[in-house]
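Whole structure, please, built from the sequences with the hints as guidance.
Here is how the chains run, residue by residue.
Protein chains: 2
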Amino acid sequence: MSVTAPLGFRAAGVAAGIKSGGARDLALVVNDGPARAAAGVFTANRVKAAPVLWSQQVLAGGRLRAVVLNSGGANACTGPEGFQDTHATAEKAAGLLDDSAGEIAVCSTGLIGERLPMDVLLSGVETAAGQLSRDGGLAAADAIRTTDTVSKISFKRGSGYMVGGMAKGAGMLAPALATMLCVITTDAELSSEQLDAVLRAATSRTFDRLDTDGCMSTNDTVLLLASGAAGVVPDLAEFEQRVTEVCADLARQLLVDAEGASKAIAIEVVGAASEDDAVKVGRSVARSNLLKCAIHGEDPNWGRVLAAVGTTDAVFEPDRLNVAINGIWICRGGAVGDDRSKVDMRPRDVTITVDLSAGPHTATVHTTDLTADYVHENSAYSS
Amino acid sequence: MSVTAPLGFRAAGVAAGIKSGGARDLALVVNDGPARAAAGVFTANRVKAAPVLWSQQVLAGGRLRAVVLNSGGANACTGPEGFQDTHATAEKAAGLLDDSAGEIAVCSTGLIGERLPMDVLLSGVETAAGQLSRDGGLAAADAIRTTDTVSKISFKRGSGYMVGGMAKGAGMLAPALATMLCVITTDAELSSEQLDAVLRAATSRTFDRLDTDGCMSTNDTVLLLASGAAGVVPDLAEFEQRVTEVCADLARQLLVDAEGASKAIAIEVVGAASEDDAVKVGRSVARSNLLKCAIHGEDPNWGRVLAAVGTTDAVFEPDRLNVAINGIWICRGGAVGDDRSKVDMRPRDVTITVDLSAGPHTATVHTTDLTADYVHENSAYSS
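Sequences listed follow chains A and B, in order. Counting from 18, one number per residue, gives the positions in the first sequence under my numbering. Counting from 18, one number per residue, gives the positions in the second sequence under my numbering.
None of the hints are false.
As the list makes no split between identical chains, a pair holds if one copy fits it or if it spans any two.
Below 20 Å or equal to it, Euclidean Cα-Cα: the simulated EDC-like pairs (lysine to aspartate or glutamate) are:
#	residue 1	residue 2
1	Lys36	Asp136
2	Lys297	Asp330
3	Lys297	Asp372
4	Lys280	Asp390
5	Lys297	Glu334
6	Lys359	Glu131
7	Lys280	Asp266
8	Lys173	Asp252
9	Lys359	Glu315
10	Lys280	Glu394
11	Lys36	Glu143
12	Lys173	Glu262
Read the hints as simulated data drawn from the structure, not as lab findings.
Next up, the structure:
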C-alpha cells in the first residue's frame, strides 16, 4: 500500500544499476492530482546534499508533481557538479511526465562524496516512468533501502481519505549512509501551508525524537504530498493525528531495524518544567555512549543516567531526581532507591523513566544500545 | 617526582582496603607551607559527587593544607549520607594533621551510587598520614588509579621553582568510573587569585580539549596548591606556561591510556573566525560516533567529518570547507579533493585537519577511536 494507498498516486521501484548486485535502487512517486500541494522538512545539518538543496528550492513553491528517489549514492559533498546531477534528474523526470522540473523533488541516499552514475540513473528514471502504477508503492519502498533489512511502509484511514507513507533508514544509526528518507501521501485536500504545519508538528514528535547515535545526516528528507483525489477537506486536527500516526509507525520501524542494536530503549522524561526540557534531557540520555554500553551489558546503571541529565540546563534539583528502569525506581532523590537486582534487563525493549520533579511536562526519546556490531558495521563500511 | 617534586610537599599512597585485591587505593598530599594558597576547577556536570561539593566549598577560602584522594568508589549520588562521609574524611585528616577540615579537599573516583566503606577508608587516612614523605609522590599517583594501566605524573622546572603533578583517568573514556582527578603542586609563591586564573587558563587548553566520548563525569577535579617553599615569586606568564605544560603532559598520558582505544586522534581546526568556533567544531567532530568508527576501521571518511562540522553554528560556508587526514587534503571546497588512497591510516596517531576558511583562529581537540573494546569495557563494568 505505502505511498499508493491514497487515491491519485502512482509509483514504481526499479533496479537501475546504481547499486552493484541488481537490487532495486530507484523509485518514482507521481501525484496525478487533481491537486499537488506539498510540504517538506529537511536535515538541519548545514552541510546539505545536492538533492536537499534542490528539493528545498522546489518546495518553496508549495507544489510537487513527483519525487525521484535513489539509493546507492547520497550525492552529498559533490560540489556544483553534484547539484547539476540532481537538476538533470529532475529534468529527466519532468520530460517523461511532460511537466516542470520545478515541481519535482529528488532524494538520494548512500555514500557521501561520490558522484552518481548519471547514465544508469537517468535510464532508470525512464524505466521507472514506464512502470508507474497504482500498485507500485511496495516496489518503491523496496528501492530506497540501503542497509535496511526490510521495507518500511504504513497507512492510516481518515474520515473519507487516506494517509500512506514509506521510509528508509536503519534507525539513523548510520546517517552518513543510512539517511532517513520518507514520503507521505494523502488524497485529502489541503493547502501547502496546512501540509507544512501538520508535517512539522508530526515530525517534531516522531522522527525528531529518534536519536540513535546523535549524528545528523546530510540528506534527511520527509515529504508530504496531497492529491485531493478523495475530494475531502479533512478536519485538520484529525489529519494531523493520522499523519503523526504514520510517522510514529515508520519511526518505530526504523528503530527496530537499527543496525547493530540489541536493545530498543525508550527514555521517558516526566515531571519536566517544559516539553523542551523533557526533550533535552531525553536526548542527552540517549546520546550517552556510556549508558548505551551499560544497557547493552544489561546493567541498570542509573548513575550514568544521572550523569547525562546533569549535563543539561533543564530545570531540576540533583537531589530530587528519580530514575526507574523497566519500572523499578532504582534511584530516588538523586541517590540509591529500590534494589537494582529487581530490574529485569532481559527484554529487548528497555524503558528508562527520568522524573525531574520540576513540573507537569513529559516527552519520550527513542534510542538503541551501543554494541560491538555497531562499531563493526560503521568501521567496515565505505572504503 | 609527581606532586612532591616541588619543595614543601609530602605525600603517601596506601592500600586501605577500599578496593578488593590489595591495590593502593588512598592517597594523601600535604602542603607544609610556608604558604597554602590553592585553586580548583571542577566538573561542569550539575550532578556533582559529594567530594566535589565539599572541595568547592573548601576552595572558596582559597587555601588548602591537604588533599585526600581515594579510588574504589566515587561517592556520587549517595545523598546527604555521602556528603557526611566526605566531611568525616576531611575531619579525620584534619585531626591527624592538627589542622582545620575547612582547608582539606577530598577527591573520590570509582563506581557511582554506592557508599564508601568508611571504616577502612578512615583507617587508611591514618596509615597514609603515618607514611607521609618527600618521596611519596609516586605512591600517591599509584593509589588514585582505577582502570588506568599506568600512573600519570609530570614535573617542569621554572626559574627558581618547580611545578609537579599527578593525574588519573583513562582518557575520560569512562568518566562514570574513570573520572579525571589531578593534583598540581608548586613551591613558588602566588595568591589564590593568581593560581585560579592560571589553572583556568591551563585546563581550558589541555584537559578541556580532551573529549573521548562526550560524557562528563560527576567527579572531575583539578587542584593547584602553592607552598611558597622556594621563596620565589614567579613571572606569571612563565608560571602559566609551566602549569600548562604539566597539564598538557598529563592530558597526553590520559589519552594514550584511553580504555579500548586503538587510535589517538588529533582534530586540528584551522581558519576559524574565533577560537571558540575552532573548539566547537573540534568537539563536534570528536563526538561523532560514526567518524570514530571509521577511523577505527582505518577509513579516511571525510564525509563524516563534514557531517559533524555541519551540525555546529560556527562561521563557515559548506563549499569552502577543506579536510586533510594525515596530511592529505582529501576534501577541498566541500567536495572530493586528493586521492583518498594516498592517506596512510596505519599509524596509531591520526591527525584530522579541518580548514573552515573563515578566519585566522585555530584549536586542537583530542579524542580516540570507537572500538568494540570500548563497548566491551563499558558494558561489562559495574554490576
